[in-house]
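Protein chains: 2
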Amino acid sequence: MTDSGDSFFVDYCFSAGSQSEAEDKASGIAVEQSAELPVETVPRHLLDYVGTVEELQEQEEAGNRWKAKIFFKKEIVSGDTVQFLNVVFGNVSIKPGVQVTGLDPGFLSTLFSGPNHGIDGIRERLSAPKRPLSCTALKPIGSSSEELARIATEFAGGGIDIIKDDHGLANQSLADFKSRVQSCVPAIRDAENLSGKKTLYFPNITGTFRELTERAEFAAQHGADGFLISPQLTGLYSVSELAAMFPDMPIMAHPAFSGPYTIHKHSGFAPSVYFGMLWRALGADCVIYPNAGGRFSYHVDECNEINRMCRSNDLQMKRSFPVPAGGIDRNSLQKWMDEYGADTLFLIGGSLYKHPKGLTVAAREFQTKLSEYE
Amino acid sequence: MTDSGDSFFVDYCFSAGSQSEAEDKASGIAVEQSAELPVETVPRHLLDYVGTVEELQEQEEAGNRWKAKIFFKKEIVSGDTVQFLNVVFGNVSIKPGVQVTGLDPGFLSTLFSGPNHGIDGIRERLSAPKRPLSCTALKPIGSSSEELARIATEFAGGGIDIIKDDHGLANQSLADFKSRVQSCVPAIRDAENLSGKKTLYFPNITGTFRELTERAEFAAQHGADGFLISPQLTGLYSVSELAAMFPDMPIMAHPAFSGPYTIHKHSGFAPSVYFGMLWRALGADCVIYPNAGGRFSYHVDECNEINRMCRSNDLQMKRSFPVPAGGIDRNSLQKWMDEYGADTLFLIGGSLYKHPKGLTVAAREFQTKLSEYE
Chain R
9 MTDSGDSFFV DYCFSAGSQS EAEDKASGIA VEQSAELPVE TVPRHLLDYV
59 GTVEELQEQE EAGNRWKAKI FFKKEIVSGD TVQFLNVVFG NVSIKPGVQV
109 TGLDPGFLST LFSGPNHGID GIRERLSAPK RPLSCTALKP IGSSSEELAR
159 IATEFAGGGI DIIKDDHGLA NQSLADFKSR VQSCVPAIRD AENLSGKKTL
209 YFPNITGTFR ELTERAEFAA QHGADGFLIS PQLTGLYSVS ELAAMFPDMP
259 IMAHPAFSGP YTIHKHSGFA PSVYFGMLWR ALGADCVIYP NAGGRFSYHV
309 DECNEINRMC RSNDLQMKRS FPVPAGGIDR NSLQKWMDEY GADTLFLIGG
359 SLYKHPKGLT VAAREFQTKL SEYE
Chain G
9 MTDSGDSFFV DYCFSAGSQS EAEDKASGIA VEQSAELPVE TVPRHLLDYV
59 GTVEELQEQE EAGNRWKAKI FFKKEIVSGD TVQFLNVVFG NVSIKPGVQV
109 TGLDPGFLST LFSGPNHGID GIRERLSAPK RPLSCTALKP IGSSSEELAR
159 IATEFAGGGI DIIKDDHGLA NQSLADFKSR VQSCVPAIRD AENLSGKKTL
209 YFPNITGTFR ELTERAEFAA QHGADGFLIS PQLTGLYSVS ELAAMFPDMP
259 IMAHPAFSGP YTIHKHSGFA PSVYFGMLWR ALGADCVIYP NAGGRFSYHV
309 DECNEINRMC RSNDLQMKRS FPVPAGGIDR NSLQKWMDEY GADTLFLIGG
359 SLYKHPKGLT VAAREFQTKL SEYE
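If you're matching them up, the sequences are chains R and G in order.
Reading the first sequence from the start, the letters are residues 9 to 382 in our numbering.
Reading the second sequence from the start, the letters are residues 9 to 382 in our numbering.
Please keep in mind that the hints were generated in silico from the structure rather than gathered at the bench.
Be a bit skeptical, because a hint or two may be false.
When chains are identical, the list treats them as one kind, so a pair holds in a single copy or across two.
[Unchecked claim] Straight-line Cα separation of at most 27 Å, DSS-like style, residue types lysine-lysine; simulated pairs:
| no. | residue 1 | residue 2 |
| --- | --- | --- |
| 1 | Lys82 | Lys365 |
| 2 | Lys75 | Lys273 |
| 3 | Lys82 | Lys377 |
| 4 | Lys82 | Lys186 |
| 5 | Lys273 | Lys377 |
| 6 | Lys186 | Lys343 |
| 7 | Lys206 | Lys75 |
| 8 | Lys77 | Lys205 |
| 9 | Lys365 | Lys75 |
| 10 | Lys82 | Lys138 |
| 11 | Lys343 | Lys138 |
| 12 | Lys343 | Lys273 |
| 13 | Lys365 | Lys206 |
| 14 | Lys362 | Lys273 |
| 15 | Lys343 | Lys77 |
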């Protein structure tokens, strides 16, 4: 689908007991997200800016759930990505039982730039054109920069593809940001000589926007290979801002603090829309999401749908690597590879740390398994 | 309560069918929000940084709900407000049925500065030491700057206390930010001469952080009296950042895009904690929340609890004005004044626009009603 016309659509699902209640609710959403005034008080020449319900249908698979396709004038967004989010889900986020189930791919593709690197760009950096990729995290909080660098050495020695900081490593006195980057980057570069392959390091970039950009600048200047950021903690626009300011640095987005938008069956965003469309559109090259069967609650169908949207050609932008995470057992990797396919970046943390033979062996086994796809 | 010791607490409520399941879940939260590793893999000298469950009790009023008080070392936050949010609710936000029901007021008071003005400061600007205050919004989207200024003139002519932009007015070509501020500020100043009283104007400051600070700077330089911002769209830290950068400008915070954190009975944050503690701590002088009985879903008890926390002396910082909004009928004002008391800022939009005698009369009646408290 390509961008056309002066309007864009948002798909909403909501609860209603009858056709007429559904019509009222759909109109209510259209008004709430645009004029935010009783329609009778909107001056006639401005009625054109009120959202319009174009399709309304009962969902067969779910009792009393309805789906509406609502169109809004592009002028009320005027190219402003933050205002776009407000039109999509600003006030209606406060109404129980309303879920955003679809965004206009054509409009997203004109409004957002998407990933700078995407699946192909990350693969190129790792000289890994076909197989799934591996990722792990430096932990636990409280470790010194030297301890984290030692862990990084062990993982990189086993040839892991990407090492990211734990998203809880900020700028604590225990392992401040600068010393962490300055310890981990050379440790990983040294270990690459041993492993004979590339390992990318993505330090966790967090803080207020000013801190965020300072740390990103420091990381870029000191040899880090990309950024880990938690968009819902640092502001969703921080992804697109960092992508624009540091186009050479791939971005991996972490779901910390984002749960409320995606874990409720009937409100927030459909997970595939939030992770696979919105985060991809914002510029996340790698999209971490809570995998089925781990410590969190997604069903495998939802995960497959996230994967599909991350890789979909519906959006006219580079594809994002889906990154299932959150309790993947290293011994279940074959199952997840079979389920999700090659264009997947597997993030395994705790299960590697538990390997009885240590982190280097754990990483090497991880890589060996993934290499079966080559 | 004052800040003391090397730890702070967070209260969580969650579901569990038995004491032992509750113990497991509470420990799970404590680990997830700190080490994020299986405890057996945490080096012994770092176990001190793993959160600890200090109190665990079943909630009598709710079936199978338990409350845990979990303590975390202050070092894992190290004075970083974004990392604080991550420790409080980062990964655990993705777990169904977990709600943050309390934050450590002593720690909040050391970590955050709170409002620069608060209830007393806003009252002073309006020379209104006792009565409840009034607020309305400039709407609808699509209006030109001149049309919005005309509406502002009418409201200010009726003596309303605060006029804010609709939170959907960003920087659209229809009424771009600069022309809007430059039209509305002088319109309101002129109308003050007619009404004989002060009316404050809070334009909506939105966009990426860079746009946000540029617009805030412009607004401050061109006579605006404060800012409206939507923290969940612009990043929660945008409140504290703007408060620090523009200490003379009061901040009114709008709940757009925040619903998922507060509308679920058993997940996210208790509304009073989110609005009354967190937003206040971040520096919101005025906290807009969706009032009971309007277009949204809160119960009046929850609203009273938000009001209580906004005004509580438990936090060692200025008090925030609670701002009930979202469908208050002008004819129900007496009821809400009786319910919420004088330290309340009432935001009424649509119901004023519907007044058959126009906006100036609507505003004047609003003020007359509030003046009964003097």
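Hints versus structure:
In this assembly of identical chains, the alpha carbons of Lys82 and Lys365 never lie at most 27 Å apart, being 57 Å within a copy and 34 Å across copies at closest. For the homomeric pair Lys75 and Lys273, the shortest alpha-carbon distances inside one copy (14 Å) and between copies (24 Å) are both at most 27 Å. For the identical chains of this complex, Lys82 and Lys377 are neighbours neither inside a copy (48 Å) nor across copies (40 Å), given an alpha-carbon limit of 27 Å. Taking the shortest alpha-carbon separations for Lys82 and Lys186, only the inter-copy value of 20 Å comes in at or below 27 Å, while the best intra-copy value is 43 Å.
For the identical chains of this complex, Lys273 and Lys377 are neighbours neither inside a copy (34 Å) nor across copies (44 Å), given an alpha-carbon limit of 27 Å. Taking identical chains as interchangeable, the C-alpha atoms of Lys186 and Lys343 are never at most 27 Å apart, the minima being 39 Å within one chain and 56 Å between chains. In this homomeric assembly, Lys206 and Lys75 never come within 27 Å of each other (Cα to Cα): the closest approach is 47 Å inside a single copy and 47 Å across copies. Taking identical chains as interchangeable, the C-alpha atoms of Lys77 and Lys205 are never at most 27 Å apart, the minima being 49 Å within one chain and 46 Å between chains.
For a Cα distance limit of 27 Å, the shortest separation of Lys365 from Lys75 qualifies neither inside one copy, at 52 Å, nor across copies, at 39 Å. Proximity of Lys82 and Lys138 under a CA criterion of 27 Å is satisfied in neither setting, with 39 Å inside one chain copy and 45 Å between copies. For the identical chains of this complex, Lys343 and Lys138 are intra-copy neighbours only, at 18 Å inside a copy versus 67 Å across copies, given an alpha-carbon limit of 27 Å. Proximity of Lys343 to Lys273 under the C-alpha cut-off of 27 Å is restricted to the intra-copy arrangement: shortest distance 26 Å within a copy versus 36 Å between copies.
When the C-alpha separation of Lys365 and Lys206 is checked against a cutoff of 27 Å, the pair qualifies only within one copy, where the shortest distance is 23 Å, while the shortest distance between copies is 73 Å. Taking CA atoms no more than 27 Å apart as the test, Lys362 paired with Lys273 passes in neither setting, with 33 Å inside one copy and 37 Å between copies. In this homomeric assembly, Lys343 and Lys77 never come within 27 Å of each other (Cα to Cα): the closest approach is 37 Å inside a single copy and 38 Å across copies.
When each numbered hint is compared with the structure, violations occur for hints 1, 3, 5, 6, 7, 8, 9, 10, 14, 15.
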